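Chains A and B supply the protein sequences, listed in that same order.
The opening residue of the first sequence carries number 16 in the numbering used here; numbering runs sequentially from there.
The opening residue of the second sequence carries number 3 in the numbering used here; numbering runs sequentially from there.
Possibly wrong hints are sitting among the right ones.
To be verified - Cross-link-like lysine-lysine pairs, in silico, DSSO-like; alpha carbons within 30 Å at most:
1) B:K47 / A:K232
2) A:K21 / B:K35
3) A:K295 / A:K321
4) B:K47 / B:K35
5) A:K166 / A:K21
As the list claims (entries may be wrong) - Covered by chain A, according to a simulated footprint, are these stretches of chain B (three or more residues, beta-carbon under 8 Å):
6) 24-38
7) 41-48
Said to hold, decoys possible - Listed below are several chain B residues computed to face chain A (Cβ distance under 8 Å; list not exhaustive):
8) P7
9) W9
10) V10
Don't read these hints as lab results, they were simulated from the structure.
Given the structure is predicted, the values throughout are model-derived calculations rather than measurements.
Think of the CB as a built atom: it goes at the ideal place given N, C-alpha and C, for glycine as much as any other residue.
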Amino acid sequence: VSDSSKIGRRFEELRGEQVDYAIHRQQRTFLPTREHCPLCPTRPGGPQTEIPFPAYEIVVFDNRFPAFEAPHGAAEVVVYTDDHDASFATLAPERAEALMWVWRQRYIELGARADIDYVYIFENRGVEVGVTLHHPHGQIYGYPFLPPVPKLELAADARLGGCAPCTLLARELADGRRVLYENDSVVVYVPYAARWAYEAHVLMRGHRPSLRDCEPKELRLLADALQTLTRGYDALFDRPFPYVMAVHQAPTTAVEVAVDTNEHGHLHVEFYPPLRTADKLKYLAGSEQGAGTFISDTLPEESAAKLREAIARGR
Amino acid sequence: VSELPTWVYPQAMAGKPAESSTCGPVTITRLVKDDGRALIMYALKTDGRPK
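Chain A on its own, in the form it takes in the complex (with noise of 0.2 Å):
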């Protein structure tokens, strides 16, 4: 990072990591009255948006303050609608089915780049998860590197010995207890040594590597198991919920790893809710940030069985 430079990379011997800078987005647009909401659309005798027209669908574009940018990766915001009050669980089931073919589209085109390595797909909703717009959209990284989280998927992929995800799928379904909701392509449940209290990870039945691995009828029931999730997070402390979305899936480069896994990465969805009750964060502090030792105060068949019951109210 220099004085010239907004955007630059250092590493962190002790914990072995690197850190990004985008001294840029400190200027970013901070939590904007509804009047001057730069996603809404740009009305007649109305302040100019980020999108130009008085109506529209889904609209991808640049982000004004972007953490990577070409020819170091990409950062894009993903506006799922122009109604600035809607939800992904809100959305029409045909516009969450069309969001599922956006993400793939950017998933190829920005991971055919040479200069992107892994394309992330995510939202962050809330404030209580750092939000500073309120208009539903989410945001696509291209990471011009391999981030360490999916570097861990595919370290995992080597410890047993084959697809982990595949793997952790039979157990999740052979147990049974920590199951929310399944359908003909996806199953979504909360993880046997879930982080957060109402942490949930939706798989794709088969191994699909990527979005672009899968079917039309698999992309419409994905967007379904997301709606349905996600409408039972809204339910079950009726009130809307927050949360991180992660979209995890297949580097966009050629890695290294020590086990064929027949193409590595497994399409699936992480949601990270900071909420362990209605009104009650859970924080990351000493042990999290300190020590690297996440301290959960719920157990995952709990939690399970609170989302399911919630998962039929919202439905």
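Starting from the known structure of chain A, fit chain B onto it as the hints suggest.
Leaving out everything else, chain B in the frame of chain A:
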């Protein structure tokens, strides 16, 4: 998209290939903002979803 405001223009005007394409149930229109950032509009097709 047919009536563009002054601060966006079709991708072809930025020296890139013009693309009007489809992807599953959506049509894709690629634009560029006057600051050079890409803007991609996705619209649901009216002729049904892929099976």
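### Query
Between K47 of chain B and K35 of chain B, is the straight-line Cα distance small enough, at 30 Å or below?
24 Å, holds
### Message
Does K232 of chain A sit within 30 Å of K47 of chain B, going by the straight-line distance between their CA atoms?
### Response
17 Å, holds
### Message
Checking one constraint from the list: CA of K166 of chain A to CA of K21 of chain A, max 30 Å. Satisfied?
### Response
26 Å, holds
### Message
How does the region 24-38 of chain B fare against chain A when you require at least three residues with a CB closer than 8 Å, holds or violated?
### Response
holds (count 6)
### Message
If you count the residues of the region 41-48 of chain B with a beta-carbon closer than 8 Å to a beta-carbon of chain A, do you get 3 or more?
### Response
holds (count 6)
### Task
For the pair supplied as a hint, K295 of chain A and K321 of chain A, confirm whether the alpha-carbon distance does not exceed 30 Å.
16 Å, holds
### Message
Can you verify the interface hint for P7 of chain B: is its Cβ closer than 8 Å to any Cβ in chain A?
### Response
At 4 Å from the nearest chain A Cβ, P7 of chain B passes the 8 Å test, so the hint holds.
### Query
Is the interface hint for W9 of chain B satisfied, with its Cβ closer than 8 Å to some Cβ of chain A?
6 Å, holds
### Query
Keeping to a limit of 30 Å between CA atoms, is the pair of K21 of chain A and K35 of chain B held or broken?
21 Å, holds
### Task
So, V10 of chain B near chain A? Judge it on the closest CB pair being under 8 Å.
5 Å, holds
The structure meets every hint from the earlier list without exception.
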